[in-house]
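2 protein chains.
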Amino acid sequence: MKKFIILSFSLFLLSSFTFSQNQKEEILNISKSFVKEALKSDWGYNFLKRLSFLGPRLSGSENSLKSLFWAKKEIEKLGFSKVWLQPTLVDHWERGSIEEAEIIESSGKKINLHIASLGPSVSTNGNWISGNVMEVKGIDELKKVKDKIKGKIVFFNRPMEKELVDTFRAYGRAVRQRTMGASEAAKYGAIAVIVRSVTTKYDNNPHTGVVIYKKGIKKIPAVAIGLIDADILSNKLKKNPNLKLRLRLNCKTYPPAKSYNLIAEIKGSEKPNEVIVLGGHFDSWDLGDGSVDDGSGCIQSLEVLYLFKALKIKPKRTIRVIFFMNEEFGSKNSGAYTYGKYSEKSKEVHLAAIESDRGAAVPRGFTVKTDKKTFNKIKSWLPYLKPALIEWIKPGGSGADVSKIKGTIAQFGYVPDVQRYFDYHHSANDRFSAIHRREFELGSASMAILTYLISEYGF
Amino acid sequence: MKKFIILSFSLFLLSSFTFSQNQKEEILNISKSFVKEALKSDWGYNFLKRLSFLGPRLSGSENSLKSLFWAKKEIEKLGFSKVWLQPTLVDHWERGSIEEAEIIESSGKKINLHIASLGPSVSTNGNWISGNVMEVKGIDELKKVKDKIKGKIVFFNRPMEKELVDTFRAYGRAVRQRTMGASEAAKYGAIAVIVRSVTTKYDNNPHTGVVIYKKGIKKIPAVAIGLIDADILSNKLKKNPNLKLRLRLNCKTYPPAKSYNLIAEIKGSEKPNEVIVLGGHFDSWDLGDGSVDDGSGCIQSLEVLYLFKALKIKPKRTIRVIFFMNEEFGSKNSGAYTYGKYSEKSKEVHLAAIESDRGAAVPRGFTVKTDKKTFNKIKSWLPYLKPALIEWIKPGGSGADVSKIKGTIAQFGYVPDVQRYFDYHHSANDRFSAIHRREFELGSASMAILTYLISEYGF
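Protein sequences appear in the order of chains A and B. Take the first sequence: its letters are residues 67 to 525, numbered as in our numbering. Take the second sequence: its letters are residues 67 to 525, numbered as in our numbering.
Keep in mind that a hint or two might mislead.
The list treats identical chains as interchangeable, and a pair is accepted whether it falls inside one copy or across any two copies.
Straight line, CA to CA, 27 Å or less: simulated DSSO-like cross-link-like pairs of lysine-lysine [to be verified]:
(1) 228 - 90
(2) 228 - 375
(3) 267 - 115
(4) 333 - 305
(5) 203 - 102
(6) 148 - 90
(7) 90 - 375
(8) 148 - 413
(9) 98 - 460
(10) 398 - 253
(11) 375 - 305
(12) 102 - 267
(13) 304 - 106
Just so you know, these hints were derived from the structure itself, not from any lab.
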């Protein structure tokens, strides 16, 4: 019986968080009203559509600012308590007009490959560079052939593991060749790297992403290649290991640029000094329009404010939405670091933060980083999140942006279903057409419900 | 403390179903191996792709048989215990080559509308019929204007309720105008009905479906209209209630046709007489290729057999996959009724049945119709279904086909996420491109795990 007594006791502990029957019904009704309003209005979906028409929002680009100022103007029309820009430095790199790679067969015949520079890759100044190709399945394999690398183009061809259900895990296991491959290969004298796109979708669109150059190691050009062309290249290398490849790029890295986080908020009616942050990153890669990564996260966050207003719910605590600038380059020149510093100095209490940066598919759950007691309390809220199809709350990280905020009690990551995310991620597939209206809206609703619970009941 | 004691007791009851630690680990490993093999092989996804190339499979059509015989031949190559055809009568109706509707404005100007006959609508023999239009929001509203219906074309324009999270519920609430609208309107002298497509997707593709003619009431032509054209028609009627509309069809109803259920099975190694049925319906509507409804359900079922074979798991009980013919017309001329009768007379024990007919989106849960004790046992299996993203098991119906099987202890419905299903349902949107590889495969895996548990442990 011992385990039952322990179980009973922990049920008792849990029950100390629970609400009266009346409160339960009231919260559930409010929860359902968020879901209804989101699905009925399509407010966020339509806002994101208009944003997507303005094109991609690469950090430091003119278009990222044009889009940000447009969003500011639109948000100002909505009558929230405050809309402001927070200046920040951001990375600035631009894809050039020249971006080509070709297999050169022994006969001299050339076969064009679909590639895209990683950012912030160094360029070849528009000049062809060519070499033999060394195919490896990842950085570990690279080390085994280090003596054969000099003067060659390294082709990292490790696929994502299809058999893993958690695509983020599969991504994590495959992405190192993209982030670190260039410096690792340069150590051994490689002249460039070409990396199999880290994606779950079998097509020929290259998926870009950040390349990290290690200090003190020569920076060499780094590009992604579409999966079909990666397979073609690999097959040709099997037949002819002496195959040559040439490529040219004229991308360019500029000094860090002046940019902004865009911030909008509804002041809390009872505890205005206690802030709940919601956000995503406004910058995107430049191959699609960034509707998935992370236009959706920004606009779902914004829609939370809209839903409170539409339902005439006055939050007790301040709800602050932040469109963070420059997540993609993963450096300290970023809105997340800037806001992180602000949160450290500010006299406000940053109670909680919620990030949406895993796409806009149908809701599954929330991960949360907090203490055990608060976790149990949050977990007891699950029934109120179920109307928006949230099935679970688990311990876990929040996201690259809100995790920089100091002093919070709980940091959440919104987790939609992950099966499709890497079909779109960092490629031309990341367009508004990849957003499903109902799935997107249920995400906004689930974030609104969680925000309501924190605002109303604190921790 | 009383409720804790009751809780403890029910936990005790539950624990009587549980496995030893070793068994638990073994089952979980097998469960994960089903998921891995499905995601890695894409076997079912590729089979469905090849099936989709053969085109739609309307009940009674030549193409439905051609596709069925192709599938039989392909399945015979796989070395299961038995593959056989079970003869059945099915409905036979064919969409004609003429299917047109036009608004006739006062000026005489004609505006073409995107329509599709419902099945088995009567035709106009290719001749135009025309009349004024009476728009109503559903059958209830129709009754209020019954004196104004005579000689008119009734336009049922009730939309699906966007705000409902459960799209099947929204469908159920809106679909009566399609199934029963023609007979209800004919009662009051209508000459035809035109029905707003029952869909969650705002485009102009008409979504067909069954129309049920009540006995003793005149059969009038019945068509579906795309949402954009439904809105155009509605707007024009607001400006001019005397608007005329004309339409012509040359669809045709034939006598019930000879067709088949296609059945494939792996014999049980210990209890061959105990049968677990898995299935979906092979027939589809004819506007798309029927990959979603219900090619996916058939091939996910078939993939369960493949997965057992690929993993060299010999089931203790017989696993039988049935491609049921003619679900869409919802009549008794159907494979489901034929197999139902067979199950009544057969000396086999039909232990359980699982139907997949709610699309191929990412797994969510299983509904099950069974007794309370069996339900608790099945619910205790949830941890082994979680690797395939099954989040819940709830009491509920199975599906139109397996529910006709007699004597089963439990009948299951596989429930993928429902947000996208009615985007495709019964329209030209229901094509192979609507199937997501990973989501489809996780469905097969979840059905395989459930089948394994039943086969291994019974009820």
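Inset, instruction - Hints the structure violates: just list their numbers, smallest first. - result: The structure breaks hints 4, 6 and 11; every other hint is satisfied.
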